[in-house]
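S.K.: We have chain A already, so just place chain B with the ligand on it with the hints.
Listed here are the chains, written in short residue letters.
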Amino acid sequence: MTKVLECSNCGYRTFYKKKHCLECGGQEWNKQEPGVGELLAITTVHVSPEGVREPNRLGIARFEGANLVAQIRKGLNPGDNVKLDDSNILREGDNGTHVGAQFAPVDD
Amino acid sequence: MTQSTGSGEPLDRSPTITGVGMTVFTNKDERPLLELLTTAADRALDDADVIPTNIDSLHVGNAAAEAFNRRSGLANALSSELGITDITARRIENTSASGASAFLDAFDAIRSGRSQAALIIGGEKMSAADTATSTEIISRITHDAEYEQGVTLPSFAGLAADRYFRMYDADREDLAHVAVKNHDNARQNPYAHFDKEVTVDDVLESPVVADPLRLYDCCPTGDGAAAVLLTAGDDGVEVAACEGAVGTHAVADRSDPLKIESVREAGNSAYAAADVTPADIDVACIHDAFSILEWLEVEELGLAERGKAWQLTVDGTTNRDGSLPINPGGGLKARGHPLGGTGISQIIELVWQLRGDAPNNRAVGDVNCGLAVNVAGFGNNSVCTVLKGETA
Ligand SMILES: [Zn+2]
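First to last, the sequence lines map onto chains A and B. Residue numbers for the first sequence follow numbering that gives the first Met the number 0, so the first one is 0 and each next one is one higher. Residue numbers for the second sequence follow numbering that gives the first Met the number 0, so the first one is 0 and each next one is one higher.
Simulated from the structure, these hints should not be mistaken for lab results. Wrong hints could be hidden among the right ones.
As the list claims (entries may be wrong) - Subject to a maximum C-alpha distance of 20 Å in a straight line, what follows is the list of computed EDC-like cross-link-like pairs (lysine to aspartate or glutamate):
hint, chain 1, residue 1, chain 2, residue 2
1, A, K2, A, E53
2, A, K73, B, D252
3, A, K17, B, E260
4, A, K2, B, D170
5, A, K2, B, D168
6, A, K30, A, D85
7, A, K82, A, E22
8, A, K17, B, D143
9, A, K16, B, E264
10, A, K18, B, D279
11, A, K16, B, D252
12, B, K258, A, E37
13, A, K18, B, D170
14, A, K16, B, D143
15, A, K82, B, D194
16, B, K307, B, D234
17, B, K27, B, D194
18, A, K2, B, D194
19, B, K307, B, E147
20, A, K73, B, E147
21, A, K2, A, E37
22, A, K17, B, E147
23, A, K18, B, E147
24, A, K2, A, E32
25, A, K82, A, D93
26, A, K30, B, D143
27, B, K307, B, D143
28, A, K30, B, D168
29, A, K16, B, D173
30, A, K17, A, E5
31, A, K2, A, D85
32, A, K30, A, D79
33, A, K17, B, D252
34, A, K82, B, D170
35, B, K258, A, E63
36, B, K258, A, E22
37, B, K307, B, D279
38, B, K307, B, D170
39, A, K16, A, D106
40, A, K82, A, E63
Isolated chain A, as found in the complex (with noise of 0.2 Å):
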């Protein structure tokens, strides 16, 4: 499951796994759940690497202190409150089939 990465620390919040947090150097790390986020733009993508989906519709939404770039489920648009859909499969890749978070809508 995609979770948010918090410093345990400062509090500083990523989606983006690292060992050292970028504010305070610290290394250690809670996960937490997500939550509802904002769609903040989108984009449909139509050239893409190999094993990635044509068209790649991604989105960037704001969580309570991270960001996350996604897949995102058509129909969404910029302001749209979404959370996060795990277990969809994303592209074939490193390490075969990678299966992970995509933007949903909040009632779906």
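M.R.: What follows is chain B with the ligand alone, placed relative to chain A:
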């Protein structure tokens, strides 16, 4: 000029550029990568009237010769081609900012006193790989969590453009003017990838790459090399500052999709080091890998207020005959973007403009201070250089 290990005194003035040279940036150059690099190097050395054995250090900017050309150990192979031994030589990799990063490395070598004459050569031969392979190589710069979503650099640019249009008064047609301008500049530049006028309609009718961005919003990749000789002497074009800043790896780790903090940081450091303000900049070469980046970077550099850069494009301020010409050589958009060559080609364009060597139809008029910004990835790491007119 024999300090192979370096023990000179730190330089108490700015390094200067005494020679520049490049190959024509193009879709496909039949010559091997090493030949492209040596051709650019020889042109820069000829321009400076210096022979290879008189240089103290070699700094090679290249992003991915291993992947594109199956070539490792590039700096050593290049030294051999140039007939150079006994000096320090290295290859600098920083994705699409490899060129300016190699320049920064040379700048530090000169300022420290380690080198009196540093040759910087940047280049890439991307045509050796097919488009799918190229897309794959370039997409590999992303964070693992971005890779998993199939994200590419145009994806980030599409998201940024979508947000810019929603936040500010600019629209799709306004953005097309960036490509129209940069193509028009490239037409006057014999070293540019494109020699083709494009209209707003051409841009708007080109295929969608990452909505709302279209093909003509994206720079071409290709083959090309560029070289500069940087010295501790006091004649030539003054390099008043060269500063770098790293940003977040994952683009979404930034506070907003429209912010490129690494450009802002590198720019502010460069302004401070050169003792100038944005108002002093007469001409700029901006890393417009995608049209929207020209606006975002102009804003990060303080050359326009946030949300206002588009107006400078629409009202002609950034045209060759405007008060702040941007990308007079055509930019990445139309001069082309052979990764490691790009940052050096930006500096060369500024040198030509500051020396008054740009042909009449491309000269931007009375210029004393120029800025270049070269960006790795979608803002992962930026290098900003400030040049001032000849001090002699
Ligand atoms: Zn922390």
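S.K.: Would you mind marking each hint as holding or not holding in the structure?
M.R.: Here is how each hint holds up against the structure:
Distance check on the hinted pair: K2/A and E53/A sit about 27 Å apart at the alpha-carbon level, beyond 20 Å; violated. Using a Cα cut-off of 20 Å, the hinted pair K73/A and D252/B is violated, with the two alpha carbons roughly 24 Å apart. In summary, the hint linking K17/A to E260/B is supported, as the alpha carbons are separated by about 19 Å, within the 20 Å threshold. Between K2/A and D170/B, the direct Cα distance comes to roughly 36 Å. Violation of the 20 Å bound is thereby established for this hinted pair.
Using a Cα cut-off of 20 Å, the hinted pair K2/A and D168/B is violated, with the two alpha carbons roughly 36 Å apart. Simply put, K30/A and D85/A have alpha-carbon atoms about 15 Å apart, close enough for the 20 Å limit, and the pair holds. With a CA separation close to 26 Å, the supplied pair K82/A and E22/A exceeds the 20 Å bound. This hinted pair checks out: K17/A and D143/B have alpha carbons roughly 10 Å apart, not beyond 20 Å.
Our distance criterion of 20 Å between C-alpha atoms is broken by K16/A and E264/B, whose separation comes to about 24 Å. A C-alpha spacing of about 41 Å is found between K18/A and D279/B, which places the hinted pair above 20 Å, so the restraint is violated. About 11 Å separates the Cα atoms of K16/A and D252/B, which keeps this hinted pair within 20 Å; it holds. At most 20 Å may separate the alpha-carbon atoms for a hinted pair to count; K258/B and E37/A meet this at roughly 18 Å.
Between K18/A and D170/B the alpha-carbon distance is near 40 Å, which puts this suggested pair outside the 20 Å criterion. Taking the CA atoms of K16/A and D143/B, the gap is near 9 Å; set against the 20 Å cutoff, the hint holds. A C-alpha spacing of about 47 Å is found between K82/A and D194/B, which places the hinted pair above 20 Å, so the restraint is violated. A distance of roughly 38 Å separates the Cα atoms of K307/B and D234/B; the hinted pair therefore is violated under the 20 Å criterion.
With a C-alpha separation of about 15 Å, the suggested pair K27/B and D194/B falls inside the 20 Å cut-off, and the hint holds. Using a Cα cut-off of 20 Å, the hinted pair K2/A and D194/B is violated, with the two alpha carbons roughly 49 Å apart. Under the criterion of a C-alpha separation no larger than 20 Å, the hint pairing K307/B with E147/B is inconsistent with the structure, at around 34 Å. Taking the CA atoms of K73/A and E147/B, the gap is about 19 Å. The hint holds against a cut of 20 Å.
Annotation: proposed proximity of K2/A to E37/A holds, straight-line Cα distance about 16 Å (limit 20 Å). For the given pair, K17/A sits about 16 Å from E147/B by alpha-carbon distance, which is consistent with the 20 Å threshold. Annotation: proposed proximity of K18/A to E147/B holds, straight-line Cα distance about 19 Å (limit 20 Å). Distance hint between K2/A and E32/A is fulfilled; the C-alpha atoms sit about 5 Å from each other, no more than 20 Å.
With a CA separation close to 26 Å, the supplied pair K82/A and D93/A exceeds the 20 Å bound. Between K30/A and D143/B the alpha-carbon distance is near 18 Å, which keeps this suggested pair within the 20 Å criterion. Distance check on the hinted pair: K307/B and D143/B sit about 34 Å apart at the alpha-carbon level, beyond 20 Å; violated. For the suggested pair K30/A and D168/B, the alpha carbons sit about 39 Å apart, so the restraint of at most 20 Å is broken.
Under the criterion of a C-alpha separation no larger than 20 Å, the hint pairing K16/A with D173/B is inconsistent with the structure, at around 38 Å. Distance check on the hinted pair: K17/A and E5/A sit about 11 Å apart at the alpha-carbon level, within 20 Å; holds. Distance hint between K2/A and D85/A is fulfilled; the C-alpha atoms sit about 10 Å from each other, no more than 20 Å. Taking the CA atoms of K30/A and D79/A, the gap is about 25 Å. The hint is violated against a cut of 20 Å.
Distance hint between K17/A and D252/B is fulfilled; the C-alpha atoms sit about 11 Å from each other, no more than 20 Å. The suggested pairing of K82/A with D170/B is violated, with an alpha-carbon distance near 29 Å, which exceeds 20 Å. Only pairs whose Cα atoms come within 20 Å are accepted, and K258/B paired with E63/A is accepted, the gap being roughly 18 Å. Among the hinted pairs, K258/B with E22/A is consistent with the structure: their alpha-carbon atoms are about 18 Å apart, no more than 20 Å.
Our distance criterion of 20 Å between C-alpha atoms is met by K307/B and D279/B, whose separation comes to about 19 Å. Proposed proximity of K307/B and D170/B is supported: the alpha carbons are some 12 Å apart, at most 20 Å. Distance hint between K16/A and D106/A is unfulfilled; the C-alpha atoms sit about 28 Å from each other, more than 20 Å. Distance hint between K82/A and E63/A is fulfilled; the C-alpha atoms sit about 12 Å from each other, no more than 20 Å.
Of the numbered hints stated above, those contradicted by the structure are hints 1, 2, 4, 5, 7, 9, 10, 13, 15, 16, 18, 19, 25, 27, 28, 29, 32, 34 and 39, listed in ascending order.
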